[in-house]
Amino acid sequence: MSIRFNDNCIGCGACAKVCPGSLIKIKDNRAYIKYPKDCWGCVSCVKVCKVNAIEFFLGEDMGGSDTYMQVETKDHYLDWKFYDSNGLKRTIEVDRTSSNKY
Amino acid sequence: MKIERLTTDVLIIGGGTAGCYSALTLADEAPDASVIIAEKANIVRSGCLAAGVNALNAYITEGHTPSFYADYAMKDADGIARYDLLISMSKHLNEVTARLEKLGLVILKDENGKYVSRGARNIKINGENIKPILADAVSSLPSVKVINHLNISDLILDQDGSVIGALGNEIDEEKLYIIFSKAVIIATGGAAGIYKPNHPGFSRHKMWYCPFNTGAGYAMGIRAGAEMTTFEMRFIALRCKDTIAPVGTLAQGVHAKQVNSFGEIYEDKYGLTTSERLYGTVEENEEGRGPCYLKTVGISHEQAEDLEKAYLNMAPSQTLRWIARGKSADEENVEIEGTEPYIVGGHTASGFFIDDGRRTTVKRLYAAGDVAGGCPQKYVTGALAEGELAAKSVVQDFENEFSVNNTTSSLHGGRFDIREFDADFKDFDHTDDLKEIASEILSADDFSFKDKDNISTEIENYLQMIWSHVSSKDNSENGDRSNNISESSSLENESQAEILEAKMQDIMDRYAGGISTHYAFTEDSLDEADSKINDLMVEAEGVKCSDFQDLTHFLEVRERLLVSRVLIQHLKARKETRWHSFDENRSYPDKDSSFGKVFINTRLRDGNIEVIKRPIDGDYKVFRVVT
Chain S
1 MSIRFNDNCI
11 GCGACAKVCP
21 GSLIKIKDNR
31 AYIKYPKDCW
41 GCVSCVKVCK
51 VNAIEFFLGE
61 DMGGSDTYMQ
71 VETKDHYLDW
81 KFYDSNGLKR
91 TIEVDRTSSN
101 KY
Chain Z
1 MKIERLTTDV
11 LIIGGGTAGC
21 YSALTLADEA
31 PDASVIIAEK
41 ANIVRSGCLA
51 AGVNALNAYI
61 TEGHTPSFYA
71 DYAMKDADGI
81 ARYDLLISMS
91 KHLNEVTARL
101 EKLGLVILKD
111 ENGKYVSRGA
121 RNIKINGENI
131 KPILADAVSS
141 LPSVKVINHL
151 NISDLILDQD
161 GSVIGALGNE
171 IDEEKLYIIF
181 SKAVIIATGG
191 AAGIYKPNHP
201 GFSRHKMWYC
211 PFNTGAGYAM
221 GIRAGAEMTT
231 FEMRFIALRC
241 KDTIAPVGTL
251 AQGVHAKQVN
261 SFGEIYEDKY
271 GLTTSERLYG
281 TVEENEEGRG
291 PCYLKTVGIS
301 HEQAEDLEKA
311 YLNMAPSQTL
321 RWIARGKSAD
331 EENVEIEGTE
341 PYIVGGHTAS
351 GFFIDDGRRT
361 TVKRLYAAGD
371 VAGGCPQKYV
381 TGALAEGELA
391 AKSVVQDFEN
401 EFSVNNTTSS
411 LHGGRFDIRE
421 FDADFKDFDH
431 TDDLKEIASE
441 ILSADDFSFK
451 DKDNISTEIE
461 NYLQMIWSHV
471 SSKDNSENGD
481 RSNNISESSS
491 LENESQAEIL
501 EAKMQDIMDR
511 YAGGISTHYA
521 FTEDSLDEAD
531 SKINDLMVEA
541 EGVKCSDFQD
551 LTHFLEVRER
561 LLVSRVLIQH
571 LKARKETRWH
581 SFDENRSYPD
591 KDSSFGKVFI
601 NTRLRDGNIE
611 VIKRPIDGDY
621 KVFRVVT
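For the protein sequence lines, the chains are S and Z, in the order given. Residue numbering for the first sequence follows the working numbering, starting at 1 and increasing by one per position. Residue numbering for the second sequence follows the working numbering, starting at 1 and increasing by one per position.
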């Protein structure tokens, strides 16, 4: 379980600021995860990234495959997007103003 | 390197749910008091609730009373909990919930505007942004200063043993903090990472409890001589296999039952308390009827999709797993497993032994949330309630004992004092230079200490300890040991702190009841654990760190080693098996009624851990007042 950065990154540092483990650093205007094994998987960074530069994936040691996810914030909606090697697999829209059914 | 000295009325260590709510309460009750929140990460997304929370699990639903909740928690803990603490917490659950809603938390309501319950004690919410909501509320308070990325590791004590501040380090730069305060509320959370986790490799931090909660509060308290209670009631979570996502949403939300590989429902066989649900799964596996599942096949596809949404709000990896496998919950049962053991006072009764006002046994030190013991099943709302209770005690104690007119000693002194000092690490090599730095830091006359010399020595010792781990120079006496670690570290390209952590987790796993022994231990294996952890603590003194973040990682291992040492004494002292799996003592496999009447407490005195048995029904209303 961890995250990786793609070429969208502009090095704004928003992710580094919120990471609860202080695991993300900025170097040469790009973010990178200095301690990939220490990621908890809380996706705080993915949610705060404005340019969809962070991809969240499951490690192979816990059954991860090539599927990863990102999230886009639109007003009070979170659009969670799931990708694999064939591209976008599914989108789940979550309304932040509505409660969990369970 | 910089050293910053701050003076404030109240220092809150940890900006999680309990710490933030303490700050909100202080701003209400004593608006002139200056408050510092020292947070290791960033309060916007720190600690247990960084990803969010799926429900509020401690609420007095319609038709119920606080005693209904307290009775439930007492029963779940098989009698080893503080009824007084449970009642005072329960009385505040609904009021803190109402305030959370006012601050912006989404809570599901029916057509009559009433909260929709998920069970007898739970209500449904959208808790994805619970931390940003609390952080916004706290940040808007003029009397509260939040310092993010500050790792507090030690308390400063006055001659009479009362707490007068704390010491810590910045994570991203070479900077130390020395904070003096009139009262300290400790709200650091519990301890993860003591035992070898489910996935010790790449995904080692995919654990249930926040891996960044490393027992700092317990360790600081233990070193300060505070009494700790019931560490032996470890918490082990029953979770979705691999993703370690919560199972409550499946069990309570869609009423999924625990089934073994033959499809038999086994949960009724072992009982329904938190530890029994876990123990049943352990037993089914040990007796060859595993793997075990939550039976979700049979729910509707619509329900499965709602589950995928619900998990995104608290444990997104589970949703990713469903989608990556191409099979949703209605098509495939969810396999379950136990996690490694944690010490966490929000679920079990482990933590600081406190009075009804959340005062610890150390003067001027208060505790709230997962770090506070005796009050299990507190969850999020209980942590908020304890934050409120601790803050109210601070205000009450200082209003009673100090003259409000005397601005230098009253809580309403009200301002922050910030001073910076420059120091070079090479100065730390010489005792005289260290003395000079400490005396310069203490030179300001706006704070009255009972014994300046003693405090100066504490600061010198702290600076010396930091220096010994970050300087490249070997301490001659520890040189051999640190070389040992360096050699093995070159193999894996891991830091010395990481190797130390792995060694600690391995010892606790094998000898103190981790996953590999199905949580069981014996008297002999605990002796082995004790001896090996003590050796490791000596080895730790020689660890070298490459920068301040590596130093922080090391300090996190150092505090867990101390927590382990205390935990082992607790496990040894309760000579019975009261809670299967949580405290599975194979030398004493049955319950012993004489242990049903006592708390096992410990405190550190002159380097030794004393065990103290306290009666369950003792009077713990007020430990002491501040003088």
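The set of hints was computed from the structure by calculation and includes no laboratory data. Among the clues, some could well be false.
[As the list claims (entries may be wrong)] With a Cα cut of at most 30 Å, we get these calculated DSBU-like pairs of lysine-lysine:
hint, chain 1, residue 1, chain 2, residue 2
1, Z, Lys75, Z, Lys91
2, Z, Lys91, S, Lys81
3, Z, Lys145, S, Lys50
4, Z, Lys102, Z, Lys114
5, S, Lys101, Z, Lys572
6, S, Lys74, Z, Lys2
7, Z, Lys295, S, Lys81
8, Z, Lys145, S, Lys34
9, Z, Lys2, S, Lys27
10, Z, Lys175, S, Lys27
11, Z, Lys503, Z, Lys452
12, S, Lys74, Z, Lys91
13, Z, Lys613, S, Lys25
14, S, Lys101, Z, Lys327
15, Z, Lys309, S, Lys74
16, Z, Lys309, S, Lys50
17, Z, Lys426, Z, Lys392
18, Z, Lys452, S, Lys37
19, S, Lys25, Z, Lys145
20, Z, Lys503, S, Lys34
Each hint, compared with the structure:
Between lysine 75(Z) and lysine 91(Z), the direct Cα distance comes to roughly 18 Å. Compliance with the 30 Å bound is thereby established for this hinted pair. For the hint linking lysine 91(Z) to lysine 81(S), the alpha-carbon distance of about 42 Å lies beyond 30 Å, and the restraint is violated. Annotation: proposed proximity of lysine 145(Z) to lysine 50(S) holds, straight-line Cα distance about 28 Å (limit 30 Å). Of the supplied pair hints, the one linking lysine 102(Z) and lysine 114(Z) holds, its CA atoms being roughly 15 Å apart against a limit of 30 Å.
Only pairs whose Cα atoms come within 30 Å are accepted, and lysine 101(S) paired with lysine 572(Z) is rejected, the gap being roughly 44 Å. For the hint pairing lysine 74(S) with lysine 2(Z), the CA-to-CA distance comes to about 42 Å; that exceeds 30 Å, so the pair is violated. Taken as a hint, the lysine 295(Z) and lysine 81(S) pair is honoured in the structure, with Cα atoms around 27 Å apart against an allowance of 30 Å. Our distance criterion of 30 Å between C-alpha atoms is met by lysine 145(Z) and lysine 34(S), whose separation comes to about 29 Å.
In summary, the hint linking lysine 2(Z) to lysine 27(S) is supported, as the alpha carbons are separated by about 23 Å, within the 30 Å threshold. Distance restraint check for lysine 175(Z) and lysine 27(S): the Cα-Cα separation of roughly 21 Å lies within the 30 Å cut-off, and the hinted pair is therefore satisfied. For the suggested pair lysine 503(Z) and lysine 452(Z), the alpha carbons sit about 39 Å apart, so the restraint of at most 30 Å is broken. At most 30 Å may separate the alpha-carbon atoms for a hinted pair to count; lysine 74(S) and lysine 91(Z) exceed this at roughly 39 Å.
Only pairs whose Cα atoms come within 30 Å are accepted, and lysine 613(Z) paired with lysine 25(S) is rejected, the gap being roughly 48 Å. As the CA atoms of lysine 101(S) and lysine 327(Z) are separated by approximately 21 Å, the hinted pair is consistent with the 30 Å bound. With a CA separation close to 16 Å, the supplied pair lysine 309(Z) and lysine 74(S) stays within the 30 Å bound. The suggested pairing of lysine 309(Z) with lysine 50(S) holds, with an alpha-carbon distance near 22 Å, which does not exceed 30 Å.
With a C-alpha separation of about 44 Å, the suggested pair lysine 426(Z) and lysine 392(Z) falls outside the 30 Å cut-off, and the hint is violated. Distance hint between lysine 452(Z) and lysine 37(S) is unfulfilled; the C-alpha atoms sit about 44 Å from each other, more than 30 Å. Taking the CA atoms of lysine 25(S) and lysine 145(Z), the gap is about 25 Å. The hint holds against a cut of 30 Å. Of the supplied pair hints, the one linking lysine 503(Z) and lysine 34(S) holds, its CA atoms being roughly 22 Å apart against a limit of 30 Å.
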